[in-house]
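> With the hints as your guide, set chain A onto chain D.
Protein chains in written order, with my numbering: chain D, 1 to 331; chain A, 1 to 258.
If you are wondering where the hints come from, they were derived from the structure by calculation, not from laboratory data.
Keep in mind that a hint or two might mislead.
[Unchecked claim] Chain A is faced by these chain D residues, among others (derived, beta-carbon under 10 Å):
| hint | residue |
| --- | --- |
| 1 | 4 |
| 2 | 62 |
| 3 | 133 |
| 4 | 140 |
| 5 | 165 |
| 6 | 326 |
Positions of the beta carbon are idealized from the N, C-alpha and C atoms, including for glycine.
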Amino acid sequence: MEVLAEGKGELLGWHDPDENRQWVREHKSRALVDKRMTVQEAVQRFVRDGDYVAIGGFGHVRIPMAVLYEVIRQGKRNLAIAGKTAVHDIDILIGGGCVSKVECAYAFGHELRGLSPAGRRAVESGRVKVVAEISNAGYQWRFLAAAMGLPFIPARNLAGTDTFEKSSAKLVRDPWSGKPIVLIPAAYPDVAFFHVPRCDKYGNAQIDGILVEDFELSRAARRVIISTEEVVDEEVIRANPRHTAIPYYVVDAVVEVPFGAHPTQMPYLYYFDEEHIREWLHLSTTDEGVQEYMDRYVFGVQDFEEYLERVGGIRKMNRLRRIEQYRAPMV
Amino acid sequence: MAQRGSYSESELLACVAARLLEDGRSVFVGTGLPMIASMLAQRTHAPNLLIIFEAGGVGPQVPVLPISVGDSRTFHRAVMASSMHDVMSACQAGYIDYGFLGAAAIDPYGNLNTTVFGDWEQPKVRLPGSGGANDIGSFCWRLIYIMRNQSPRTFMARLPFVTTPGYLSGPGAREAAGLPSGGGPYRVITQLGVLGFDDETKRMKLLAVHPGVTPEQVQEATGFPLLMADEIQETAPPTEEERRILREIDPTGMVIPR
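Excised from the complex, chain A in its bound form:
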């Protein structure tokens, strides 16, 4: 599924993610596709999207894809070159609408694992840990996840380690634990489709499939039962204009391979 006719999977994911971001809102951006999607949104329908990077870049007009969220590209033509304390505080204080994350594994409530597989003390696979993910998951109003390898191994009924909070164990659990109220997972974009979360149960729900994918295929690639929206949409493929801009953003093909 890497190549779908004229466009690639990476291009599709970047475009689907970009279209979710509304103009005049703020987004806290992590490494890779989230950066690309935010840059694409800013160059298309959302020129007034406020992009914020955890290391202190605030409101940049990023010229080309940064390698790091602390790279000097993240404060190119920015309104402020600040600090982690400042931007994380803004996030905790409620200024940031969207938080963009990826993960190695996710559960039905949108909790994420980026820390470890196997025993924590004697890990089978050690991953980088939270980074800013726990903070973004705790503080941003709406979390958007990009998971490009949806399978029963990555969409797990139960995670070996909850690095970052989604809805934890369900309705009211975030607030009971001490997290800010009213935030949480909003969308999960995968190579197969787009998922959301049920208002009442806070469990994952299929909202849309990508061209050529069926809801059954999405369920088969998930290690727990999915809720299904009454009407499952089909995502629109990338336009030529979006693809042109993506090549401009990532000229060396670091995230969007040629």
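One chain only, chain D, in its complex shape:
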């Protein structure tokens, strides 16, 4: 195949498909075993310094915050983050000093709330390097290729732009149409984290509402940590198998954390905690403020339950639930 152009971005997380098949053969258990553990144990066992990490959900929707806080608490360093629709998730990890590289589809922004002070400061000061650019569809197709066990997937975006120039994709001539087409390389994150409404002890995880790219990412990642609002009986899963988005054999750890996505939104269950996110966006305008936030909400609490008490407890959680379920106004 004729290669017409090559992006110059760093290629993160690519493996030869046969190498990855072998890795899967040796490391991913097909047995139904109980994978429940604490968030401390899950992060200790499955997250290493320097890992290439991806986070499920949509940046500030269905984000496994309890896992991210634990990554910060355990002082993980030099992570390369998949900036796929990254919003509050990457911002808090950058603030926690865990990140050295980002491949960027979307990062350093908070959608309607504006730009992320912590993320921008880190990149503009050189503490965090953007090593490649891509688009949201492009990133998601990197995971799709990996989930399919393929080295790459063809796509018709990116071409002709600087986003392509700084990506890890290549432009080739399609042997059928004769037109130029982009090949997007597979991405196998070392570890991915997801938050779901329900999961059994083996890791069969169900998602309510949109999947975003969790279907593809969960199958692409080598290690998967699931945090769940509730660990349910296996029968609940088997009664409604069409709802299962992530099957147990790709999952390594199951952590039960009610309200584990706070302050991000958990569809049907609780709304964004805008008050808390505003506090973060305000404090994170300075490095001292970031430290203050971390001391108050990450290092200064024993566990996620104490964190929930500190951010407003059951009263706050009930209010966020009513807003999410259209039973109370947003303000």
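Frame of chain D; chain A shown alone:
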């Protein structure tokens, strides 16, 4: 120019954008004003407008302005809660008529920058990057941009970084690069007026000005020479009904300040 008598600039932009969307068509929607405009169109002249969000919301009847394009509001009363792969594939396959985007800067061919100002390796200002914009710009048939800060600094002869493709370097350039044929920029809505793109040169052309704005003012706010339509229209101000609906859509004034 924030306040024009009885209506605000945000209200005007939302209404102008909404009126471009035809009933029975599909629109791929981003954060902020695009969401508002699509919701307004659906509640006025285009009840059968198919709204699609990149995270997987398909055909929702959005009750109030979502904070995120992945927010549960984006699949409220939807026909399908799907995935990014599914909706981006539909977009690549040709199902989506309009793509709605904003940007930090634009050039004469409607290429967009949302990535960086200054050097990419050592940025002066780092912006969020493509998000879904490159995909929307590559795949949707007609691109509508909302740029509320038209000035020579944002309407640039040459961009420091092309995040999202418009017509790239001119006629035929999209197809030569490998992008799907037949798509591209359609309208640019700014605080001053509405611009389109010349059929032959694919360069930006002034089509209409907002009430009280002259074509000269629009040119002065542009960092490159604009083509001018033979007859430059004046946009109609928001109606009372449109303004009422906008308050309903954005009750907390997140995008349309009170």
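> Look at each hint and say if it fits the structure.
Consistency of the hints with the structure:
no.: 1; hint: 4; in the structure: 8 Å, holds
no.: 2; hint: 62; in the structure: 8 Å, holds
no.: 3; hint: 133; in the structure: 6 Å, holds
no.: 4; hint: 140; in the structure: 5 Å, holds
no.: 5; hint: 165; in the structure: 9 Å, holds
no.: 6; hint: 326; in the structure: 7 Å, holds
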